[in-house]
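Top to bottom, those sequences are chains A and B.
If you want my numbering, it's the position in the first sequence, counting the first as 1, plus 21.
If you want my numbering, it's the position in the second sequence, counting the first as 1, plus 21.
Since the hints were made in silico from the structure, they are not lab data.
The model shown is predicted, which means the values in this text are computed figures rather than measured ones.
Be aware that one or more of the hints could be misleading.
Same chains, same names: a pair is fine if it fits in one copy or spans any two.
[What the hints assert, rightly or not] Derived lysine to any residue pairs resembling SDA-like cross-links, with alpha carbons at most 20 Å apart: (1) 317 x 366; (2) 224 x 170; (3) 152 x 85; (4) 273 x 113.
Protein chains: 2
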Amino acid sequence: MKLRHIFVALTLMTSTVAHAGIDYTMIPFKTLPAQPPIPQDNPQTDAKIALGKQLFFDPRLSITGTHSCNSCHNLAAGGEDNRAQPVGVYGRKGTRGTLTIWNAAYHTIHNWDGSAKTLEQQAQQHILDAKVMGMPDANTVQERIAGIPGYQQQFNTVFGEAGISLNTITKALASFERTLITTNSPFDRFLSGERMAISKQAKRGFEEFINVRCASCHFWVNFAGPHPGLALQQGEGFYELFPNYPNTDYEKRYKLADDIGRYYYSQDKTDTRMWRVPSLRNVEITAPYFHNGTVKTLDEAVRVMAKTQLRRDLSQQQVDDIVAFLKTLTGEFPEIALPRLPATPKRTAVAGHDE
Amino acid sequence: MKLRHIFVALTLMTSTVAHAGIDYTMIPFKTLPAQPPIPQDNPQTDAKIALGKQLFFDPRLSITGTHSCNSCHNLAAGGEDNRAQPVGVYGRKGTRGTLTIWNAAYHTIHNWDGSAKTLEQQAQQHILDAKVMGMPDANTVQERIAGIPGYQQQFNTVFGEAGISLNTITKALASFERTLITTNSPFDRFLSGERMAISKQAKRGFEEFINVRCASCHFWVNFAGPHPGLALQQGEGFYELFPNYPNTDYEKRYKLADDIGRYYYSQDKTDTRMWRVPSLRNVEITAPYFHNGTVKTLDEAVRVMAKTQLRRDLSQQQVDDIVAFLKTLTGEFPEIALPRLPATPKRTAVAGHDE
Chain A
22 MKLRHIFVAL
32 TLMTSTVAHA
42 GIDYTMIPFK
52 TLPAQPPIPQ
62 DNPQTDAKIA
72 LGKQLFFDPR
82 LSITGTHSCN
92 SCHNLAAGGE
102 DNRAQPVGVY
112 GRKGTRGTLT
122 IWNAAYHTIH
132 NWDGSAKTLE
142 QQAQQHILDA
152 KVMGMPDANT
162 VQERIAGIPG
172 YQQQFNTVFG
182 EAGISLNTIT
192 KALASFERTL
202 ITTNSPFDRF
212 LSGERMAISK
222 QAKRGFEEFI
232 NVRCASCHFW
242 VNFAGPHPGL
252 ALQQGEGFYE
262 LFPNYPNTDY
272 EKRYKLADDI
282 GRYYYSQDKT
292 DTRMWRVPSL
302 RNVEITAPYF
312 HNGTVKTLDE
322 AVRVMAKTQL
332 RRDLSQQQVD
342 DIVAFLKTLT
352 GEFPEIALPR
362 LPATPKRTAV
372 AGHDE
Chain B
22 MKLRHIFVAL
32 TLMTSTVAHA
42 GIDYTMIPFK
52 TLPAQPPIPQ
62 DNPQTDAKIA
72 LGKQLFFDPR
82 LSITGTHSCN
92 SCHNLAAGGE
102 DNRAQPVGVY
112 GRKGTRGTLT
122 IWNAAYHTIH
132 NWDGSAKTLE
142 QQAQQHILDA
152 KVMGMPDANT
162 VQERIAGIPG
172 YQQQFNTVFG
182 EAGISLNTIT
192 KALASFERTL
202 ITTNSPFDRF
212 LSGERMAISK
222 QAKRGFEEFI
232 NVRCASCHFW
242 VNFAGPHPGL
252 ALQQGEGFYE
262 LFPNYPNTDY
272 EKRYKLADDI
282 GRYYYSQDKT
292 DTRMWRVPSL
302 RNVEITAPYF
312 HNGTVKTLDE
322 AVRVMAKTQL
332 RRDLSQQQVD
342 DIVAFLKTLT
352 GEFPEIALPR
362 LPATPKRTAV
372 AGHDE
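Okay, chain A solo, but in the shape it has when bound (with noise of 0.2 Å):
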């Protein structure tokens, strides 16, 4: 298998390099390219994604007309909502934290457990699940929209003869996420060659991610193992077992064991607690962590991860190092004009749910 390769040949990788000092043209890592990979079935267009963004903002999207997107992947903060749960449509509670949308274009698979093989999928799921948006049905979603006429004048222009539906929907939905990249953090820059993007602590951290292992899944552009077709292709998944070691006192504490995750979809009980390597880029802004958000601070993220993994007992220095290595990998955030949203007339936004 392809992953076990790479992931064999970058554990030797990382291993060598970090006994012999780091030499930066041998690490597994790559600044982040303004341009994620497009699918050949949904080319980008600029049209494309200008209606993907007022769809991403569009509270209409969700069964009460009061959930966008925007509302858990907020683009104000790290794409995510600082939350243990998600709070979707009628309050309702989800059991995982909302990973963030920023660079989720450079995932392989999509969701804690991989359930989703593209960004249009992750949409399509999310607006149909009932404790997030809430639509009963593609039908639903795509009567609502089409009862907007400065949708139907886009959809049209955008998309031709095939309109507007659930599947077109998602297409500009995960156009606009396309664009969603933070480039040009610290760490990047220092990769780029620029040597004091970083601080000699950071330099220190990152030594210490590679010796300790933390880089065997958290490589390449995205910190998350490979990208779309580096090794594994779009929709192919990148999963790690968590926890690794089992029966830490970390793993009671913070319930790490109790959700069986990528299991629970799959049905294949060899997925037990198998989990999407998640994005290390501004975790820095993205507590809490893990997928039932139980961990509240990077540094015990970091204690966490070192002992539950790869058995590991960290010192407090190694920790200070690790964190201030991770606060490196926040980047840019492109400014985003807020859309402009069609008005839904001759009704309210969401008839029958607004009263």
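Guided by the hints, dock chain B onto chain A, whose structure is given.
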């Protein structure tokens, strides 16, 4: 009483104008200035406006961390939520529709019942309203925002020793809100001499608007009566009885008399069913209409107003013309770049309310 004087003068004036054909130099309308009145105790500064914008988009101002000002006063749309009843924290519903925040800076009084004398006070009320943002007291608001280091720095810069308090928070919010002005509507351009800026039908509609005496209340810069400094000072109210002529079919159908209006707030029986005159700017996109949102379309709203306020039955032609005119009041919405919100470190976004 000053108000009565101007009201009578305008009624006479509009009546004269209507019979003689319109002399545009005489009419009680005025293009919307880009700069609204600024209170002496809260001067505008760029830093304060930027801070207010962050707060406006920050859901941490609500007890649950789910609702920002923008959740109901949606700046991607008409500055409100297009609902009959706003949905606040815990899914709690308000009893009166959200008023638009666009151009609110031109009102002498705020809320449907005039229960807030300033934008600052309006913000305070809604932050502390159990059905809106649900904060229990000023102290909780202060602590929530003071727990965010990024805000601490900004408040120090903007407010110096006054620091973070509900008072300074709402000052910043109001400063941002005073930038939410939609100038240069087709009607404004028409008033400025661009005679072709509105259609022939809209011009007829404007004459009808004066003829039917809609303009007796909906006049001046905001089509909502005096702005601060013109006849009324900030905090003084411009109210009207609604329904003015009781027991119409409309009153029953749309439950127009069920809410006792300002009486509920003032506990003064003479305020029964007295309401602040709302602005007509951008009215095209702020359906549904009236305090209870029972009327869903603009043409029906025009019919209802003519009948209940002025005892007039309008022809379909009159209604269509007036609606055509009202649509010329939709202004240009300034581009708003989404702010970046400072992170909450060392804990989740809203400790105690997100698990």
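We went through each hint and held it up to the structure:
1. 317 x 366: Answer is between; shortest inter-copy Cα gap is 9 Å, intra-copy 44 Å.
2. 224 x 170: neither (54 Å within a copy, 25 Å between copies)
3. 152 x 85: both (12 Å within a copy, 17 Å between copies)
4. 273 x 113: neither (26 Å within a copy, 36 Å between copies)
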